[in-house]
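From first to last, the protein sequence lines stand for chains S and F. Under our numbering, the residue at position 207 of the first sequence is numbered 207, and the numbers go up by one with no gaps. Just add 336 to wherever you are in the second sequence, counting from 1, and you've got our numbering.
A hint or two may mislead.
Calculated from the model, a selection of chain S residues having no Cβ within reach of chain F, i.e. all distances over 12 Å [to be verified]:
(1) L39
(2) I50
(3) E63
(4) N181
(5) L191
(6) A221
(7) E228
(8) H230
(9) C250
(10) E273
(11) L277
(12) Q281
(13) H290
(14) K306
(15) D323
(16) I333
Straight-line C-alpha distance at most 25 Å; calculated DMTMM-like pairs for lysine to aspartate or glutamate [what the hints assert, rightly or not]:
(17) F:K506 <-> S:E217
(18) S:K204 <-> F:E661
(19) F:K506 <-> S:D196
(20) F:K415 <-> F:D447
(21) S:K204 <-> F:E481
(22) F:K506 <-> S:E248
(23) F:K540 <-> S:D197
(24) F:K642 <-> F:E668
(25) S:K224 <-> S:E273
(26) F:K540 <-> S:E245
(27) F:K568 <-> F:E460
(28) F:K540 <-> F:E553
(29) S:K46 <-> S:E114
(30) F:K540 <-> S:D196
(31) F:K540 <-> S:E248
(32) F:K389 <-> F:E450
(33) S:K204 <-> F:E440
(34) S:K204 <-> F:E584
(35) S:K204 <-> F:E564
(36) S:K224 <-> S:E171
(37) S:K204 <-> F:D447
(38) S:K224 <-> F:D423
(39) S:K170 <-> F:E553
(40) F:K631 <-> F:E440
These aren't lab readings, by the way, just hints derived from the structure by calculation. No residue lacks a Cβ here, since even glycine has one placed at the ideal position from N, Cα and C.
There are 2 protein chains.
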Amino acid sequence: MQLTAPLDMHLHLRDGEMLDNIAKSSAQTFSGAIIMPNLVPPVSTKEEVIAYKNRILNAIGDEQFTPYMTLFFKPTYDKAFLESIRDEITAIKLYPAGITTNSEGGVSGFDVEELRPTLEAMSELDIPLCIHGETNGFVMDREAEFVSIYERLATAFPKLKIIMEHITTKESVAALDKYENLYATITLHHLLITLDDVAGGMLKPHLFCKPIAKRPEDKVALLKVALEAHPKVMFGSDSAPHPREAKEACGCAAGVFTAPIALQVLAELFENENAPLENLQAFVSGNAQHIYGVKPLPKTVVLEKKPFTVPSSYNGVVPMYADEEIAYSIKEIIYG
Amino acid sequence: MQLTAPLDMHLHLRDGEMLDNIAKSSAQTFSGAIIMPNLVPPVSTKEEVIAYKNRILNAIGDEQFTPYMTLFFKPTYDKAFLESIRDEITAIKLYPAGITTNSEGGVSGFDVEELRPTLEAMSELDIPLCIHGETNGFVMDREAEFVSIYERLATAFPKLKIIMEHITTKESVAALDKYENLYATITLHHLLITLDDVAGGMLKPHLFCKPIAKRPEDKVALLKVALEAHPKVMFGSDSAPHPREAKEACGCAAGVFTAPIALQVLAELFENENAPLENLQAFVSGNAQHIYGVKPLPKTVVLEKKPFTVPSSYNGVVPMYADEEIAYSIKEIIYG
Numbered sequence: 001m002q003l004t005a006p007l008d009m010h011l012h013l014r015d016g017e018m019l020d021n022i023a024k025s026s027a028q029t030f031s032g033a034i035i036m037p038n039l040v041p042p043v044s045t046k047e048e049v050i051a052y053k054n055r056i057l058n059a060i061g062d063e064q065f066t067p068y069m070t071l072f073f074k075p076t077y078d079k080a081f082l083e084s085i086r087d088e089i090t091a092i093k094l095y096p097a098g099i100t101t102n103s104e105g106g107v108s109g110f111d112v113e114e115l116r117p118t119l120e121a122m123s124e125l126d127i128p129l130c131i132h133g134e135t136n137g138f139v140m141d142r143e144a145e146f147v148s149i150y151e152r153l154a155t156a157f158p159k160l161k162i163i164m165e166h167i168t169t170k171e172s173v174a175a176l177d178k179y180e181n182l183y184a185t186i187t188l189h190h191l192l193i194t195l196d197d198v199a200g201g202m203l204k205p206h207l208f209c210k211p212i213a214k215r216p217e218d219k220v221a222l223l224k225v226a227l228e229a230h231p232k233v234m235f236g237s238d239s240a241p242h243p244r245e246a247k248e249a250c251g252c253a254a255g256v257f258t259a260p261i262a263l264q265v266l267a268e269l270f271e272n273e274n275a276p277l278e279n280l281q282a283f284v285s286g287n288a289q290h291i292y293g294v295k296p297l298p299k300t301v302v303l304e305k306k307p308f309t310v311p312s313s314y315n316g317v318v319p320m321y322a323d324e325e326i327a328y329s330i331k332e333i334i335y336g
Numbered sequence: 337m338q339l340t341a342p343l344d345m346h347l348h349l350r351d352g353e354m355l356d357n358i359a360k361s362s363a364q365t366f367s368g369a370i371i372m373p374n375l376v377p378p379v380s381t382k383e384e385v386i387a388y389k390n391r392i393l394n395a396i397g398d399e400q401f402t403p404y405m406t407l408f409f410k411p412t413y414d415k416a417f418l419e420s421i422r423d424e425i426t427a428i429k430l431y432p433a434g435i436t437t438n439s440e441g442g443v444s445g446f447d448v449e450e451l452r453p454t455l456e457a458m459s460e461l462d463i464p465l466c467i468h469g470e471t472n473g474f475v476m477d478r479e480a481e482f483v484s485i486y487e488r489l490a491t492a493f494p495k496l497k498i499i500m501e502h503i504t505t506k507e508s509v510a511a512l513d514k515y516e517n518l519y520a521t522i523t524l525h526h527l528l529i530t531l532d533d534v535a536g537g538m539l540k541p542h543l544f545c546k547p548i549a550k551r552p553e554d555k556v557a558l559l560k561v562a563l564e565a566h567p568k569v570m571f572g573s574d575s576a577p578h579p580r581e582a583k584e585a586c587g588c589a590a591g592v593f594t595a596p597i598a599l600q601v602l603a604e605l606f607e608n609e610n611a612p613l614e615n616l617q618a619f620v621s622g623n624a625q626h627i628y629g630v631k632p633l634p635k636t637v638v639l640e641k642k643p644f645t646v647p648s649s650y651n652g653v654v655p656m657y658a659d660e661e662i663a664y665s666i667k668e669i670i671y672g
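Let's have the full structure, built from the sequences with the hints guiding it.
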């Protein structure tokens with residue numbers, strides 16, 4: 001099985017030692033990835049974007065991998081600023097304030113008129129807006145409650161490409177077909193787990209993430225659009241490493257680390273669900289190329305059906321399926 | 337503030353070293369408690385009941401405290417056996433197979449005719465049936481799905497007292513008023529937390545329990561019947577100690593340890609909600625005396641409004657509110 005130019009349209013590479021420890025997990029198998037800007041402080045100036053990009057390139061060494069950079073959304077960005085930074089970024093990421101790791105400086109309230117100058121400028125410059133769509137309501141309702149905000153923004157800025165990031169609910173899936181300018185990323189883990197897997201038996205901190213895994217009917221809705229490679233849906237791992245100590249602690253941090261096993265497990269999932277390989281190819285690359293207009297570096301990942309025991313950790317970060325066996329292995333990477 | 341003869345109608349005292357470590361946490365402040373039988377192996381013979389009771393009495397030393405013993409339900413118990421054990425037990429506890437800690441030997445399927453001989457004998461001998469009411473469905477639905485089984489049993493055995501243990505949903509609360517022979521225990525933690533507290537911010541393993549904390553509207557329904565001291569509702573802490581290592585682990589065990597702080601926090605809760613002291617007295621003792629027909633040892637707990645910093649652990653077990661300040665302290669215990 002071969003996948004051409006796989007793209008991860010939602011990735012956390014962190015910074016410093018963690019960046020150095022985990023960047024290659026993505027760079028070895030993906031052609032490129034949308035890099036989330038929620039560092040401390042968040043990436044919000046041209047200089048910070050360029051500097052972060054250089055630290056990423058330094059961390060991946062000689063791997064062929066494009067970090068598609070994003071800027072941390074602020075409603076104060078004006079058109080002149082956005083024009084000046086347009087060539088350095090692929091998208092801008094909006095976080096509601098305080099909703100996930102390092103999102104304290106995000107948006108509070110979603111007043112269209114307050115956001116209008118920035119969002120109209122983004123629309124004119126064709127800069128996609130990536131949104132972590134959760135309210136601060138009850139944990140199982142946060143994303144469904146946010147759909148009305150997606151709809152309000154999609155209506156107010158019809159030319160703005162809005163990516164509903166890491167969607168987890170049937171309500172978000174339904175919104176995809178109602179608004180031409182709404183798109184979505186879906187993670188690997190939300191195609192595989194529900195809240196049952198996190199808290200139905202023993203509590204599993206390594207499967208704890210934001211948005212939290214939802215109900216069985218939500219997983220069914222997500223699987224449907226992923227397996228059929230709905231043209232508005234892209235793979236985005238939301239792979240989010242934390243040190244083991246931060247996951248197995250009294251207050252465990254949110255995030256699942258899937259980067260090193262994502263393509264192998266997706267191959268197994270699509271096979272088990274009898275979805276054609278071309279759909280997987282579209283889900284992990286083609287759809288993203290169309291939606292974002294990116295042209296990834298040529299790289300072909302050859303997978304073989306050969307059991308692989310996932311390591312218990314990668315440089316201190318526990319991956320999904322740690323110590324378990326998965327069906328597919330990476331056989332070869334072909335460059336160029 | 338004084339509480340007379342407080343009773344904990346759902347308590348896990350465990351066995352061995354853990355029993356020795358935590359028994360006094362309950363025995364110092366409560367007059368008595370219903371002791372759950374889910375040891376390994378479960379308590380299911382007369383000899384085991386008597387031996388476990390003696391180990392408990394040994395662990396509590398000279399505290400005035402009655403362990404109301406229970407038997408682990410098996411559909412094979414016949415009337416002769418139940419008659420022989422009647423004086424040693426206060427109730428029989430039924431676990432669906434595999435639903436919580438050490439419940440592997442529980443009931444699979446709830447066929448009324450299969451259960452009839454045992455349940456009719458219990459009914460004739462006036463032995464209450466305590467049930468952990470969860471199906472093996474999706475974690476947020478398990479208890480609501482079980483309500484139809486409660487209803488089936490309540491209808492089939494109208495003279496059998498059925499206690500819906502540690503209820504967590506508005507559906508269970510609603511069932512209370514529909515069937516004369518359905519009663520319920522409610523824990524402290526389910527009056528205080530929802531799934532938001534467990535998984536809405538960081539993941540909190542020390543608040544992870546079975547049944548899992550539910551939605552805000554469920555908490556509202558539980559609070560209502562607790563604060564008004566609905567006559568069919570009793571306090572049952574479900575205090576369930578695990579060693580710290582088992583809670584802060586990759587697969588965290590279910591259970592919240594509340595025994596040492598339960599009365600103090602209940603006092604604070606009822607005060608904050610403007611519920612009269614007599615309701616708290618009924619919730620923590622009077623209702624249980626009526627429902628079970630027990631006559632607890634005389635013991636009066638004097639609480640005072642004086643901040644108390646909850647220890648970070650009691651003999652290696654992390655309590656609810658560890659290292660936090662609560663408003664009430666135990667001032668004095670008056671015996672006799």
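Comparing the hints with the structure gives:
no.: 1; hint: L39; in the structure: holds, 19 Å
no.: 2; hint: I50; in the structure: holds, 33 Å
no.: 3; hint: E63; in the structure: holds, 31 Å
no.: 4; hint: N181; in the structure: holds, 30 Å
no.: 5; hint: L191; in the structure: holds, 17 Å
no.: 6; hint: A221; in the structure: holds, 15 Å
no.: 7; hint: E228; in the structure: holds, 24 Å
no.: 8; hint: H230; in the structure: holds, 25 Å
no.: 9; hint: C250; in the structure: violated, 6 Å
no.: 10; hint: E273; in the structure: holds, 20 Å
no.: 11; hint: L277; in the structure: holds, 32 Å
no.: 12; hint: Q281; in the structure: holds, 33 Å
no.: 13; hint: H290; in the structure: holds, 36 Å
no.: 14; hint: K306; in the structure: holds, 27 Å
no.: 15; hint: D323; in the structure: violated, 10 Å
no.: 16; hint: I333; in the structure: holds, 31 Å
no.: 17; hint: F:K506 <-> S:E217; in the structure: holds, 22 Å
no.: 18; hint: S:K204 <-> F:E661; in the structure: violated, 29 Å
no.: 19; hint: F:K506 <-> S:D196; in the structure: holds, 21 Å
no.: 20; hint: F:K415 <-> F:D447; in the structure: holds, 19 Å
no.: 21; hint: S:K204 <-> F:E481; in the structure: holds, 24 Å
no.: 22; hint: F:K506 <-> S:E248; in the structure: violated, 33 Å
no.: 23; hint: F:K540 <-> S:D197; in the structure: holds, 16 Å
no.: 24; hint: F:K642 <-> F:E668; in the structure: holds, 13 Å
no.: 25; hint: S:K224 <-> S:E273; in the structure: holds, 10 Å
no.: 26; hint: F:K540 <-> S:E245; in the structure: holds, 14 Å
no.: 27; hint: F:K568 <-> F:E460; in the structure: holds, 21 Å
no.: 28; hint: F:K540 <-> F:E553; in the structure: holds, 21 Å
no.: 29; hint: S:K46 <-> S:E114; in the structure: holds, 23 Å
no.: 30; hint: F:K540 <-> S:D196; in the structure: holds, 16 Å
no.: 31; hint: F:K540 <-> S:E248; in the structure: holds, 10 Å
no.: 32; hint: F:K389 <-> F:E450; in the structure: violated, 30 Å
no.: 33; hint: S:K204 <-> F:E440; in the structure: holds, 20 Å
no.: 34; hint: S:K204 <-> F:E584; in the structure: holds, 10 Å
no.: 35; hint: S:K204 <-> F:E564; in the structure: violated, 37 Å
no.: 36; hint: S:K224 <-> S:E171; in the structure: holds, 13 Å
no.: 37; hint: S:K204 <-> F:D447; in the structure: violated, 33 Å
no.: 38; hint: S:K224 <-> F:D423; in the structure: violated, 59 Å
no.: 39; hint: S:K170 <-> F:E553; in the structure: holds, 22 Å
no.: 40; hint: F:K631 <-> F:E440; in the structure: violated, 33 Å
Checked against the numbered hints above, the structure breaks hints 9, 15, 18, 22, 32, 35, 37, 38, 40 and satisfies the rest.
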